[in-house]
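Chemist: For chain X, the structure is supplied; the task is to place chain Z on it using the hints.
2 protein chains.
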Amino acid sequence: MQTFSSQDQAQWIELGGGTRRKIRSYNGEIMLVEVNFDDGAVGSDHSHPHAQISYVLSGEFTYHIEGKAHTMKVGDSIVVDGGKIHGCTCVKAGTLLDVFTPMREDFVK
Amino acid sequence: MQTFSSQDQAQWIELGGGTRRKIRSYNGEIMLVEVNFDDGAVGSDHSHPHAQISYVLSGEFTYHIEGKAHTMKVGDSIVVDGGKIHGCTCVKAGTLLDVFTPMREDFVK
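Taken in sequence, the protein lines are chains X and Z.
Numbered by my numbering, the letters in the first sequence go through residues 9 to 117 in order.
Numbered by my numbering, the letters in the second sequence go through residues 9 to 117 in order.
By construction, these hints were calculated from the structure, which means they are not laboratory data.
Be a bit skeptical, because a hint or two may be false.
Partial chain Z-side listing against chain X, Cβ under 7 Å, derived [claimed, not checked]:
1. T11
2. F12
3. S13
4. S14
5. Q15
6. N35
7. E37
8. L40
9. A59
10. G83
11. S85
12. I86
13. V87
14. V107
Under the rule of at most 35 Å between Cα atoms (straight-line distance), these lysine-lysine pairs were calculated in the DSBU-like manner [to be verified]:
15. K30/X to K81/Z
16. K100/X to K81/X
17. K81/Z to K100/X
18. K92/Z to K117/Z
19. K117/Z to K92/X
20. K81/Z to K100/Z
21. K81/Z to K81/X
22. K100/X to K92/Z
23. K92/Z to K30/X
24. K30/X to K76/X
25. K100/Z to K30/Z
26. K92/Z to K30/Z
27. K117/Z to K76/X
28. K117/X to K76/X
29. K92/Z to K92/X
30. K30/Z to K76/X
Negatives, chain X to chain Z, calculated, CB over 10 Å [unchecked claim]:
31. I21
32. S55
33. G102
34. D114
35. F115
Where is the CB? At the ideal position from N, CA and C, for every residue including glycine.
Pulled out of the complex, with its shape left as it was, chain X reads as follows (with noise of 0.2 Å):
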C-alpha cells in the first residue's frame, strides 16, 4: 500500500520498447500507475482479470480494445472490462494514466 505518491518522487522502471512505468498510489483494490511512450512505442495486445480505466495525461495514441481501434488525445479516457485484450500505439509520446482493479500485485513484485 502506498498512500500519498509525490509526483517529484515517483520513480520511472525501464519497460523497453520505448515505455516506462511509475507505480503510483495504490491500496489491495485500486492501483494508479503513469506508462510514458516514445513516439511509435507499443503497448502489446495482452489482457488480465483486472478492469482497467486510461487516461492521456499527454501525448497521442490509438487504442484498440478487442480489434476496435479509439483514436486518443489529451484528455480522452477508455475503460477496458477484465479479460478483454487490449493494446495501443503512441502516435505522438506522451503519458497514459492506467488506473486498475483490484491492484497489479505483478507490479510490484
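Modeler: For chain Z alone, coordinates are given in the frame of chain X:
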C-alpha cells in the same frame, strides 16, 4: 457503462459551492470522474464504501484523510480506503481526477 469518453464532449455538472463534476469512462467495477474546484472551494468531509484514488490534474489542494493533511500539487496522487473519512480544500483553482472502485451508482442516477 461508458467505454470511450472524449474530453471535448464530457459535460460539467454543477455541484454548488464552486465545484463541478464530469463523469468520464466507467463500467460496473471502476469509474473515472473529474472534479473542478474554484479557489477556496471545499470538498466536505465524507466517506463511502468505494476505494478511491485522487490525482491532481491542475491546481493545488489540501487533502485530508481521517484528519491527516496532505498538500497535493500537480501530478501528486493519493488513495483513500473504502469507509475512510476524507475531504479537501482547494488552495489554487484546479481539477482532481477521482477514480472509484466499484463505480459510483449514485453519480449516474
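Chemist: Check the hint pairing K117/X with K76/X against an upper bound of 35 Å on the C-alpha distance.
Modeler: Given pair K117/X, K76/X holds - Cα atoms ~32 Å apart, limit 35 Å.
Chemist: Take the shortest C-beta to C-beta distance between S14/Z and chain X; is it under 7 Å?
Modeler: Cβ of S14/Z sits 6 Å from chain X, so the hint holds.
Chemist: Holds or violated: is there a CB of chain X closer than 7 Å to the CB of T11/Z?
Modeler: holds (6 Å)
Chemist: Min Cβ distance, S85/Z to chain X: is it shorter than 7 Å?
Modeler: OK, holds: S85/Z within 7 Å of chain X, min 4 Å.
Chemist: Is the hinted pair K100/X and K81/X satisfied, with a Cα-Cα distance of at most 35 Å?
Modeler: Measuring from Cα to Cα gives roughly 9 Å; hence the hint holds.
Chemist: For a C-alpha distance cap of 35 Å, please report whether K81/Z and K81/X respect it.
Modeler: Holds, at about 23 Å.
Chemist: Beyond 10 Å from chain Z, beta-carbon-wise, is F115/X?
Modeler: Given that every Cβ of chain Z is farther than 10 Å from that of F115/X, nearest at about 14 Å, it holds.
Chemist: Compare the distance between the alpha carbons of K117/Z and K92/X with 35 Å, and conclude whether the hinted pair is satisfied.
Modeler: holds (27 Å)
Chemist: Going straight from one Cα to the other, do K100/X and K92/Z come out at no more than 35 Å?
Modeler: This hinted pair is violated, its Cα atoms lying about 39 Å apart.
Chemist: Does the interface hint hold: is Q15/Z within less than 7 Å of chain X, judged Cβ to Cβ?
Modeler: holds (3 Å)
Chemist: When the nearest CB of chain X is found for A59/Z, is that gap smaller than 7 Å?
Modeler: holds (4 Å)
Chemist: Do the numbers back the hint for I86/Z, that is, is its least Cβ distance to chain X under 7 Å?
Modeler: Status holds, d = 5 Å.
This entry does not satisfy hint 22, going by the numbered hints stated previously; all others are met.
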